[in-house]
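Q: Next come the chains, spelled out residue by residue.
2 protein chains.
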Amino acid sequence: MKCISCQEDYDARDAGTCKECYMEANETEEELKREIDDLKSKVAFLKFSPRSLHPIPFSDVVLLASDDPSSSSSSGPSVPAHKAVLASRSPVFRAMLENEMEESLSGTIKIGEVSYDALRAFVNYLYTAEACLDEEMACHLLILAEKYQVQHLKDYCQMYLVSKLNWDNSIVSYTFAHQHNAKRIVDAALALITENMDKLTTREEYMELVQKDPRLVVQVYEAYLSKQINTAAQKDSAGRAGLEVKPPNGDHVLY
Amino acid sequence: MKCISCQEDYDARDAGTCKECYMEANETEEELKREIDDLKSKVAFLKFSPRSLHPIPFSDVVLLASDDPSSSSSSGPSVPAHKAVLASRSPVFRAMLENEMEESLSGTIKIGEVSYDALRAFVNYLYTAEACLDEEMACHLLILAEKYQVQHLKDYCQMYLVSKLNWDNSIVSYTFAHQHNAKRIVDAALALITENMDKLTTREEYMELVQKDPRLVVQVYEAYLSKQINTAAQKDSAGRAGLEVKPPNGDHVLY
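Chains as they are written, first to last, in this note's numbering: chain A, 1 to 255; chain B, 1 to 255.
Chain A on its own, in the form it takes in the complex (with noise of 0.2 Å):
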């Protein structure tokens, strides 16, 4: 036969669909491409256009980045913005701006401990959902999207993390993750670090760990244990299901 899709011809194992399905799949997937489209336009229109513009039109608050928790001077210019775009992306701000806080009043938002640069990829991923990441960018991000409670921008971070995930930061990662509150990356890391238990305890990172925050250490073992006793069930169901299947004499007799 030939195939409707690469014009190859190929025997009858190597079958896939028949041409009814293929017609199908055919539409699904147009039907498919034209939703993204619709999405992609929408998402286009929904964005605010003007974070580009200087100054930005009719800002009503600004945030001011402070690299040095203890002290309250800024780092850097201030970050215009609208409260109303705030409160609709974060709950904190919300509270914070309804609730005629001090920063409600003085239309100045104080971000501690992060600089100037993460401060306005922050605010910029508010008005777009956009952000271009590094490692270290995603970690601060990271950090504001947990802090003023923006899921989407946090599940972002995290999926680009675990991207970056490997052997070497497994252990950096893992603790990182933990401070906060960071679930995907710790059980991506996790599955990491068990997967290469030979070499752990030789890891200057582990050793560190284990003075600084030993709970952590233990879940790590924990986690190891309990990926023994899944996989040793696994092996055993596997090897009774076996011999269920194929019984020396025939009977179905349990070993």
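The reader is advised that the hints may include incorrect statements.
From chain A, some residues computed to sit far from chain B (all C-beta separations above 12 Å) [said to hold, decoys possible]:
hint: 1; residue: 15
hint: 2; residue: 115
hint: 3; residue: 129
hint: 4; residue: 132
hint: 5; residue: 133
hint: 6; residue: 135
hint: 7; residue: 136
hint: 8; residue: 146
hint: 9; residue: 150
hint: 10; residue: 199
hint: 11; residue: 211
hint: 12; residue: 219
hint: 13; residue: 224
hint: 14; residue: 227
hint: 15; residue: 230
hint: 16; residue: 237
Below, simulated DSSO-like cross-link-like pairs (lysine-lysine); rule was C-alpha separation at most 27 Å, straight line [claimed, not checked]:
hint: 17; chain 1: B; residue 1: 40; chain 2: A; residue 2: 47
hint: 18; chain 1: A; residue 1: 147; chain 2: B; residue 2: 47
hint: 19; chain 1: A; residue 1: 199; chain 2: A; residue 2: 235
These are computed hints drawn from the structure, not numbers from a lab.
Where is the CB? At the ideal position from N, CA and C, for every residue including glycine.
Following the hints, position chain B against chain A.
A: Leaving out everything else, chain B in the frame of chain A:
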């Protein structure tokens, strides 16, 4: 062979794809679905949630509907909004609000010839990219979208109204679409009308249009003529191609 998708047997004549292409198509579908999920969550993030709250927090402008264009009295309560959102979605609002015109200074934008319900739906669309349409509402929103240059909403209304086109409403829709520069509806209505030319001249709406705006009627006849010429040319070239492929004596002779 057995179809991997529907599990039915089929013969070589009904062969669709080989297994490899089936697997690839499956992966593509999964990827498209993941992209759709990502985009949907982006749309949910970018939409303004607090439109349902009363009062709208941090509103700095109100819109007033006025049914009667000769009077400036409002025909319903005002619709609160944010200058930043209006300016981001509509270049007309942006110019109006940024240039310290009356509307910007007073914080009130009067919208003539529109009902309160339509105005509320219009403003709601600017915040959410969503509207609940029937034919009447789609017409009202298309007019507002055209007036304030909100292309995304105009496309949405046009798509809806094209889906509702039929022979009964085709002439009215054609006239309406011309008045409001809705090219997609004009094209779709013309296609429908020129398919039913034998019934056209007996229609009451036709006779009215000849009286009121004969240029629009001329355009219908021009479209019909152009369609006829195209069809004739296609038939002609198909006829020639047919003769060329099967010449009676095996020679390539064009008749």
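Q: Going through the earlier hints one by one, which of them does the structure break, listed in rising order?
A: 1, 3, 9
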